[in-house]
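Please model the complete structure; the sequences and the hints are all you need to start from.
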Amino acid sequence: MTTDALTLTFGLLLLAVAGDQFVIGLGRLASVMRMRPSIVGAIVGGLAASITDLTVAGVASFRGARELAIGCLVGSIIDNICLALAIAALVAPIRVDSQTLRREAPISVGAVLLFAILLVGGLSRAEGAVLAVVLLLALVGLVANARRSASGDELTVEARRFFGAGQGRMPPGEIVRTLAGLLVMLGGSGLFVRAASSLSERLGVAEGFVGLTLVAVGTSAPLIVIAIQAARRGNHDLVVGNMLGANLFIALAGGAIVASVGGVQSAFVSGVAVCLMALVVVASWGFMARRTQVTRWEAAVLIATLAVVLPFIPR
1 MTTDALTLTF GLLLLAVAGD QFVIGLGRLA SVMRMRPSIV GAIVGGLAAS
51 ITDLTVAGVA SFRGARELAI GCLVGSIIDN ICLALAIAAL VAPIRVDSQT
101 LRREAPISVG AVLLFAILLV GGLSRAEGAV LAVVLLLALV GLVANARRSA
151 SGDELTVEAR RFFGAGQGRM PPGEIVRTLA GLLVMLGGSG LFVRAASSLS
201 ERLGVAEGFV GLTLVAVGTS APLIVIAIQA ARRGNHDLVV GNMLGANLFI
251 ALAGGAIVAS VGGVQSAFVS GVAVCLMALV VVASWGFMAR RTQVTRWEAA
301 VLIATLAVVL PFIPR
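Residue numbers (the numbering used here): 1 to 315.
It is worth saying that the hints were derived from the structure and are not from the lab.
Computed from a predicted model, the values in this text were never measured in an experiment.
Built from N, CA and C at the ideal position, the CB exists for glycine as well.
Please note that a few of the clues may not be correct.
Label pairs and their in silico Cβ distance ranges [said to hold, decoys possible]:
no., residue 1, residue 2, range
1, L279, R232, 20 to 30 Å
2, Q229, G121, 35 to 45 Å
3, V225, A307, 18 to 28 Å
4, L13, L179, 17 to 27 Å
5, G286, V91, 19 to 29 Å
6, S124, R95, 34 to 44 Å
7, G121, P311, 18 to 28 Å
8, R315, L6, 16 to 26 Å
9, F10, L179, 17 to 27 Å
10, F10, R233, 29 to 39 Å
Quick look at the structure:
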């Protein structure tokens, strides 16, 4: 068991480091392509916050551990709200921009609810195709919103400030960085999934429950840390934007990936965990819309909900 725990930790470290390099490479590519900063934030930021979850879920699915993959996706969405957003709001009440409430929030919440509905009774390849199409439409919607709200040359200043890319062609070193990050992530995911599956057998609990708890917390850890630090510095848009973007990618891209490999027929995905996911997503949206902020007591409600419901999830 000690070996499995060490392997799990090592795999998570590989994922964290490689994922960071992969996202930096993507961000610099976005800068070279003169993408608007709002698009960079919504798409690259959401991908950055969810890339570990997507990689782990994809590798787990290819290895036949589909319950673990679905558990990781569902658990990560829950943790993004009940841990990342909630803990950040305990540090400082999170203000939410009104445009975010009208544009990005409905798209993200709708994506998670669609994912929850399709999970009831399992997830087929056809339903995965639906998720993939909705993801494409959601990205088109985000781009359209960004074009209406962003001005032309904001991108080069803003994107270069964050990603450090210059004008012109993508430097060869950045292409290598991006591809190397992707390859190392795949290797780290293999170690992570293998260790998690082994731990579930040794502990005598279902893979789905391990994915929902241990694996999901591990893959959500970077977003939790980012959210706390952003709240301390008063960067509330980063907290909310990353959470909404991550949930969008996890629900649509993650669900499509798992379904494309062979789908999921387990009754686990139609249980308490999916209901909890839908509940906290709707509740967090309601909290944000009530006074355009998430207060400390509302954050406490989200954390308490997770603590109360978790013991009732089948093991």
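Verification of the supplied hints:
In this structure, L279 and R232 meet the distance hint of 20 to 30 Å, their C-beta atoms being roughly 28 Å apart. In this structure the hint that Q229 and G121 lie 35 to 45 Å apart at CB holds, the actual value being about 40 Å. The supplied range of 18 to 28 Å is met by V225 and A307, whose beta-carbon atoms lie about 21 Å from each other. The given range of 17 to 27 Å is respected by L13 and L179, whose C-beta atoms sit roughly 20 Å from each other.
Taking 19 to 29 Å as the suggested C-beta distance range, the pair G286 and V91 conforms, at roughly 21 Å. The supplied range of 34 to 44 Å is met by S124 and R95, whose beta-carbon atoms lie about 41 Å from each other. For the pair G121 and P311, the beta carbons lie near 24 Å from each other, so the given range of 18 to 28 Å is met. Distance hint for R315 and L6: a CB-CB separation of about 24 Å, consistent with the stated range 16 to 26 Å.
Distance hint for F10 and L179: a CB-CB separation of about 22 Å, consistent with the stated range 17 to 27 Å. One distance hint, 29 to 39 Å for the beta-carbon pair F10 and R233, holds here, with the actual separation near 31 Å.
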